[in-house]
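Engineer: Residue-level listing of the chains:
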Amino acid sequence: MKAKKVLGDDADIVLADARYEQISKIIEASLVKGERKRTVTDVLDKVFLNKYVGIPAFFALLWAVFQFTFEASAPFMGLIEMLFAWLSSLAAQIPNEVVASLLADGIFGGLGFILSFTAPIFFLFFALSLLEDSGYLARVAFVFDKLMFKLGLHGRSFIPMLLGFGCNLPAIMAARSIEGKKDRLITILTVPFMSCAARLPVYVLIAGAFFASHAATAVWSMYVIGIVVAILFALLLRKTILKGEPAPFIIELPTYKMPTLWGSVLHMWERGVSFLKKAGTYLLVGAIILWVLSVLPWGVEAGSGDSLIGLIGQTLQPLFGPLGFNWQIVSSLVFAFLAKELVVESLGVIYGVGGEASIQAALVASITPVSAFALMVFTLLYVPCLATVGVIKKETGSWKWTLFAVLSEMAIAYLGALLIVGLGGLLGFS
Amino acid sequence: MQLRNRHGHSHKAKTPVNVDGSVPLNSLPEGSKAIVTHTSGGLCAVRRLSEMGLTPGCEITLKRKCSFRGPIEIEVRGVALALGYGLSSQIFVQPIEG
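Chains A and B are the protein sequences, given in the same order.
When you read off a place in the first sequence, starting at 1, and then add 287, the result is the number in this note's numbering.
When you read off a place in the second sequence, starting at 1, and then add 258, the result is the number in this note's numbering.
Chain A on its own, in the form it takes in the complex (with noise of 0.2 Å):
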């Protein structure tokens, strides 16, 4: 203390200055120099830290990630929803009708099935585990640092952004890390756009049913879409309401080390149980939302037009015309404001069918692949969830900033969409 009221400001400074003199010495004292070990980070950074193949290079490896994720997560899926299905018939045996359809129908029917989407999300979370471990991460700072410093951000936001891909909500408290109010306000508002894990289940649905063969590169285009229209509105917010130079960008590019199976095996482990607990409150809650409102007023057909759930779809569907979404899809997106994977199990409860297949089936019959592909679009861009909403909330610590979040995010997904449904339009799908 008495440091700073001698030097003022400058204390910290002559410390770490002190601080590193003294480190060297030690290090000058004890230390024999060995052999340069940086040789195999020099020749893999000569590849991503490449002015002209870095960003290449980038989405390559993501494209490599959602394959792999794509294709080993399959024969999982296949076990688990096989298992739910299962004790679904199990309860349906129960002789009480209303414990029987909640137990099969709500509980068993939907939550199995979202359940069956954590096989993809845990190899996911694997995928970028392995990103993260072998130093990787850092370099994906540098080769956007100059776009990002276009867009009036830095490279360092473009971390938080990348680990939205698993979950919002460590990526918006990741913005923490960020200097600068008005950068990381734009970074906590742009975070949402970055497709998290809850969203995978819905286009894996979605692009299963629609575009067989080329699922894994729709799939992907969503990511890319994601960060474009991130990118895209971070530039809109410096130029409009949130001017003004972006603090000074510097990162440490750690050596690459071989990331161990077991060390990302123990990562995707935590992050993937955090979300079973999520999935265990709040689509628990949202099941049962969802089977209350499907079945009342009670007598009507289970998810018909009749019932609630109908009800509301029916009354926002003119909205939604021009996109091209049936009131089915629309009740399922109102609840998907619980939760994205929501999408998905409302989509059962409404067909009134369970499983993969037979969703897919009744998708495939009610709307065309480009509302499909801007169905995907939409889940894609709109208000990620709940608790993402109230963790923006916690970290602006504003009611006007997230209620600008959500009101935005609302606006752009519905913009997006019927963006795609002109284009698909102009280029002769239908």
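Keep in mind the hints are simulated off the structure, nothing from the lab.
Possibly wrong hints are sitting among the right ones.
What follows is a list of derived Cβ distance ranges for each label pair [as the list claims (entries may be wrong)]:
(1) A:522 / B:285: 24 to 32 Å
(2) B:326 / A:652: 49 to 57 Å
(3) A:609 / B:319: 51 to 59 Å
(4) B:326 / A:500: 35 to 43 Å
(5) A:457 / B:278: 41 to 49 Å
(6) A:527 / B:289: 21 to 29 Å
(7) A:697 / B:285: 27 to 35 Å
(8) A:523 / B:335: 28 to 36 Å
(9) A:710 / B:288: 41 to 49 Å
(10) B:278 / A:697: 21 to 29 Å
Here are the simulated SDA-like cross-link-like pairs (lysine to any residue), alpha carbons at most 20 Å apart as the crow flies [what the hints assert, rightly or not]:
(11) A:437 / B:336
(12) B:323 / A:312
(13) A:680 / A:340
(14) A:312 / B:336
Where is the CB? At the ideal position from N, CA and C, for every residue including glycine.
Given chain A, put chain B in place with the hints provided.
Structural biologist: For chain B alone, coordinates are given in the frame of chain A:
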């Protein structure tokens, strides 16, 4: 030891050369070595830089430069650091010949 110098040199000239012969870090070619003389950025930037070990008097190697207005990669005290374009133009260095 001079820690920072916010006055006395022009930012307008393309490659400002100070009285002491120091030039902005980002004006060096790839692969060159230099000694840091001072930093002209704000206090926040200067503090971050010294925390990362980039203090006046230390030797740095410029490892990589991206094209126009991109970030640069330097090696300082055996650690690789990435610096944004804006920041790298505020760090002044004395090139080491050879």
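Engineer: All the hints need checking, so say for each whether the structure fits it.
Structural biologist: Against the structure, the hints come out as follows:
{"no.": "1", "hint": "A:522 / B:285: 24 to 32 Å", "in the structure": "28 Å, holds"}
{"no.": "2", "hint": "B:326 / A:652: 49 to 57 Å", "in the structure": "53 Å, holds"}
{"no.": "3", "hint": "A:609 / B:319: 51 to 59 Å", "in the structure": "58 Å, holds"}
{"no.": "4", "hint": "B:326 / A:500: 35 to 43 Å", "in the structure": "41 Å, holds"}
{"no.": "5", "hint": "A:457 / B:278: 41 to 49 Å", "in the structure": "47 Å, holds"}
{"no.": "6", "hint": "A:527 / B:289: 21 to 29 Å", "in the structure": "42 Å, violated"}
{"no.": "7", "hint": "A:697 / B:285: 27 to 35 Å", "in the structure": "47 Å, violated"}
{"no.": "8", "hint": "A:523 / B:335: 28 to 36 Å", "in the structure": "40 Å, violated"}
{"no.": "9", "hint": "A:710 / B:288: 41 to 49 Å", "in the structure": "42 Å, holds"}
{"no.": "10", "hint": "B:278 / A:697: 21 to 29 Å", "in the structure": "57 Å, violated"}
{"no.": "11", "hint": "A:437 / B:336", "in the structure": "30 Å, violated"}
{"no.": "12", "hint": "B:323 / A:312", "in the structure": "31 Å, violated"}
{"no.": "13", "hint": "A:680 / A:340", "in the structure": "39 Å, violated"}
{"no.": "14", "hint": "A:312 / B:336", "in the structure": "15 Å, holds"}
Checked against the numbered hints given earlier, the structure breaks hints 6, 7, 8, 10, 11, 12 and 13 and satisfies all the rest.
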